[in-house]
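Whenever a hint applies, use it, and build me the whole structure from the sequences.
Position 106 (the sequence shown) corresponds to 106 in this note's numbering; numbering is contiguous.
What the hints contain is simulated information worked out from the structure, not anything from laboratory work. All C-beta atoms in this analysis are idealised placements derived from N, C-alpha and C, irrespective of residue type, glycine included. Just to be clear, a hint being listed does not mean it is correct.
Simulated crosslink set (DSSO-like; lysine-lysine; CA at most 30 Å straight-line) [to be verified]: (1) 110 - 13; (2) 47 - 60; (3) 96 - 80; (4) 60 - 70; (5) 77 - 13; (6) 13 - 72.
Computed beta-carbon distance windows for the label pairs [what the hints assert, rightly or not]: (7) 38 - 18: 31 to 37 Å; (8) 23 - 61: 17 to 23 Å; (9) 89 - 52: 16 to 22 Å; (10) 5 - 55: 27 to 33 Å; (11) 26 - 65: 15 to 21 Å; (12) 106 - 80: 32 to 38 Å; (13) 93 - 42: 46 to 52 Å.
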Amino acid sequence: MGWQHINQSMVNKINNYYRSFFNPYLNFHRPCGFPTIQVDEKGRKKKIYHSYLTPYEALKDITDVNNYLKAKQNFEKLDKIAYQYSDNEFAEILRKEEKELFDEIAKRDKNGGSF
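Here is the structure:
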């Protein structure tokens, strides 16, 4: 969360930010590199990054994906979350919410933990 003091009373708002914005952004909108490991003739392993996908797109590529989803989850529900906003739109929403959260943290810290 950074280097500034965070008052204990902010824990619910921080958890809400992570659940509602940060984690969905990472899982549905931010690409990650997925390596292919190549072994050379001396047995050394080298990671080659050819595939850049969001974790959700990578999950959809798994052949036996039902073993990894919770019982009540399915791709219809997850697609609604993933495709509700474009990647850039959700990044803007994330940064707006982050700024509001940090402004509130700073305000509460300035006032000794109360408003």
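Here's how the hints hold up against the structure:
1. Note on residue 110 and residue 13: the hinted pairing holds, with a Cα-Cα distance of about 17 Å set against a maximum of 30 Å.
2. For the proposed pair residue 47 and residue 60, the alpha carbon gap of about 22 Å is at most 30 Å, so the pair holds.
3. Our distance criterion of 30 Å between C-alpha atoms is met by residue 96 and residue 80, whose separation comes to about 22 Å.
4. In summary, the hint linking residue 60 to residue 70 is supported, as the alpha carbons are separated by about 14 Å, within the 30 Å threshold.
5. With a CA separation close to 25 Å, the supplied pair residue 77 and residue 13 stays within the 30 Å bound.
6. Restraint check for residue 13 and residue 72: the C-alpha separation of about 27 Å stays at or below 30 Å, so the hint holds.
7. For residue 38 and residue 18, the hinted distance range of 31 to 37 Å is satisfied, since their beta carbons lie about 36 Å from each other.
8. At about 20 Å, the CB distance of residue 23 to residue 61 agrees with the hint of 17 to 23 Å.
9. As the Cβ distance of residue 89 to residue 52 is approximately 20 Å, the hint placing it in 16 to 22 Å holds.
10. For residue 5 paired with residue 55, a C-beta distance near 32 Å keeps the hint of 27 to 33 Å intact.
11. Taking 15 to 21 Å as the suggested C-beta distance range, the pair residue 26 and residue 65 conforms, at roughly 19 Å.
12. Taking 32 to 38 Å as the suggested C-beta distance range, the pair residue 106 and residue 80 conforms, at roughly 34 Å.
13. The hinted range of 46 to 52 Å is satisfied by residue 93 and residue 42, whose Cβ atoms lie roughly 49 Å apart.
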